[in-house]
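*Asks:* Chain by chain, the residues run as shown.
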Amino acid sequence: MNTENFIPINTLCLHYKLEINFFNTLNENGLIEIQLVDNIEYVHKESIYEIEKIVRMHKELDVNIEGIDVVLNLLQKIDTLQMELLKVRNRLLLYEN
Amino acid sequence: MAFIDYYKVLEIDKKATEAEIKKAYRKLARKYHPDISPNDKEAEQKFKEINEANEVLSNAEKRKKYDAYGENWQHASEYEKANQQQTYYNKSGPQEDFNSYGRDGDDYSSFFESLFGNSGRGRNRSQQFKGTDLNAELHLKLEEVYTTQKKTITINGKNIRFSIPAGVENGQTIKITGHGGDGVSGGPKGDLYITFSIENHPNFKRDKDNLYSTVMLDLYKAVLGGEITVATFDGKAKLNIAPGTQNDTKVKLKGKGFPVYKNEGHFGDLYITFQIKIPTNLSSKEQELFTELSKLRTI
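For the protein sequence lines, the chains are R and D, in the order given.
Residue numbers for the first sequence follow this note's numbering, beginning at 1 and rising by one.
Residue numbers for the second sequence follow this note's numbering, beginning at 1 and rising by one.
There's no promise every hint is true.
Here are the simulated lysine-lysine pairs, BS3-like style, with alpha carbons at most 30 Å apart [as the list claims (entries may be wrong)]:
(1) D:K205 - R:K45
(2) R:K45 - D:K262
(3) R:K87 - D:K151
(4) R:K17 - D:K23
(5) R:K87 - D:K31
(6) D:K254 - R:K59
(7) R:K77 - D:K208
(8) R:K45 - D:K189
(9) D:K189 - R:K77
(10) D:K27 - R:K87
(11) D:K236 - R:K77
(12) R:K77 - D:K158
(13) D:K189 - R:K59
(14) D:K205 - R:K87
(15) R:K77 - D:K150
(16) D:K46 - R:K59
(17) R:K45 - D:K254
(18) R:K17 - D:K175
(19) D:K189 - D:K254
(20) D:K23 - R:K59
(21) R:K45 - D:K175
(22) R:K77 - D:K31
(23) D:K48 - R:K77
(24) R:K45 - D:K41
(25) R:K87 - D:K141
(26) R:K87 - D:K22
(27) D:K41 - R:K59
(28) D:K236 - R:K87
(29) R:K45 - D:K150
(30) R:K87 - D:K150
(31) R:K77 - D:K15
(32) R:K59 - D:K22
(33) R:K77 - D:K151
(34) R:K59 - D:K27
Chain R regions said to be covered by chain D (calculated; three or more residues, Cβ under 8 Å) [as the list claims (entries may be wrong)]:
(35) 45-55
(36) 60-73
(37) 76-90
Computed far set for chain D versus chain R, every beta-carbon distance over 10 Å [to be verified]:
(38) I4
(39) A43
(40) N59
What the hints contain is simulated information worked out from the structure, not anything from laboratory work.
This structure is a prediction, so every number in the text was calculated from the model and none was measured.
Even glycine gets a Cβ: it sits at the ideal position worked out from N, Cα and C.
Work out the full structure, taking the sequences as your base and the hints as a guide.
*Replies:* Following this line, the structure appears as structure tokens:
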């Protein structure tokens, strides 16, 4: 498999000064997806923004991984609700005009 | 420039201990952090305020200065100069003048800059912060969001090319990661949020993925039935009209609506409402025939 679009977990550990266990726990909780290529663990580079968000929540706000999972789920729910609200508002405009 | 009560910002007492300050800061940061309250200008502003308050109150030296001058902060410079002169006599060493630095950013209030200057910012500060998120509004026609397309916009002199997925909603905001303001202390760049303002179409009304249009139907087609050609959003379609079609009858053209957002190949439906056109300015012959018809109906 071509690893051009992947970042080794070890690189993330060095960059964010975090232990490999942190990323393994994120993987176990389904927050990131670790892929094994030639016995090296990688994450896709597209997931880096989500990982950075998780790292910030962990380091700056002292939120543990379970808490981050809850926060991300709630943010997703808010996003869905906001989208629904937007659609309903647009629908209302049809009757107001 | 107004005095800022940092204790009030962190919702703590003036006698708060270091641990209490840290606890209050953490509590408020969890509430207003940009990752927790994305695209919320008020939260972003509040987050800056609590960071500034924390930076002053969690640093013993800054807190001492802040507490010493309090609401008389405007005279801080004079007091400091007097202090400096005294100190020169005593210690013969230069002291910090903290009221003469300019500003070079918006992360700190004018009050903070005035009291602590540029050298005050970020001292003892190891935390990195994400850059400011930017917001832009893009006006589009309904036709422009019927298909996925690439657009280039210029923000702060930089060209940003991005994709607008087909089926985007009026008022919907998309995030373009990493195209916002620069991060603080080496933190990541902020994001760019683009909100779409979509113009109404003269012939088609949109509700989510469905489209609605009105078609004028002549009286004879409505009464006798037949085939007509109607406009769809991307072309034309043939429709069979049942004999005896009533005014305001609705028909559904499955899959002829608007594309479903981020669900390629899937479309909503097109709902057509028939408005029956009653002939006017009848000729004498038509008048005669209609009269005859009306007699047939009443018999």
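*Asks:* Is it true that the CA of D:K205 sits at most 30 Å from the CA of R:K45?
*Replies:* violated, 40 Å
*Asks:* What's the verdict on R:K45 and D:K150, does the C-alpha distance respect the 30 Å limit or exceed it?
*Replies:* The given pair, whose Cα atoms are some 22 Å apart, holds under the 30 Å limit.
*Asks:* Can the restraint linking D:K189 and D:K254 be considered satisfied, given a maximum Cα separation of 30 Å?
*Replies:* violated, 45 Å
*Asks:* Are the Cα positions of R:K77 and D:K150 separated by 30 Å at most?
*Replies:* holds, 28 Å
*Asks:* Does the structure keep R:K77 and D:K15 at a Cα separation of 30 Å or less?
*Replies:* Answer violated: R:K77 to D:K15 is near 40 Å, above 30 Å.
*Asks:* For a C-alpha distance cap of 30 Å, please report whether D:K23 and R:K59 respect it.
*Replies:* holds, 15 Å
*Asks:* Is D:K27 close enough to R:K87, meaning Cα to Cα at most 30 Å?
*Replies:* Violated, at roughly 34 Å.
*Asks:* Does the alpha-carbon distance linking R:K59 and D:K22 stay inside the 30 Å limit?
*Replies:* Cα-Cα ~14 Å, so holds.
*Asks:* Between R:K77 and D:K151, is the straight-line Cα distance small enough, at 30 Å or below?
*Replies:* Satisfied, since the Cα-Cα distance of roughly 29 Å is no more than 30 Å.
*Asks:* Given that the stretch 60-73 of chain R was listed as covered by chain D, double-check it with a C-beta distance under 8 Å for 3 or more residues.
*Replies:* holds (count 5)
*Asks:* Hint check: D:K189 vs R:K59, CA-CA at most 30 Å. Holds or violated?
*Replies:* Holds, because 17 Å separates the two Cα atoms, which is no more than 30 Å.
*Asks:* Check the hint pairing R:K77 with D:K208 against an upper bound of 30 Å on the C-alpha distance.
*Replies:* holds, 19 Å
Checked against the numbered hints given earlier, the structure breaks hints 1, 6, 10, 11, 12, 17, 19, 26 and 31 and satisfies all the rest.
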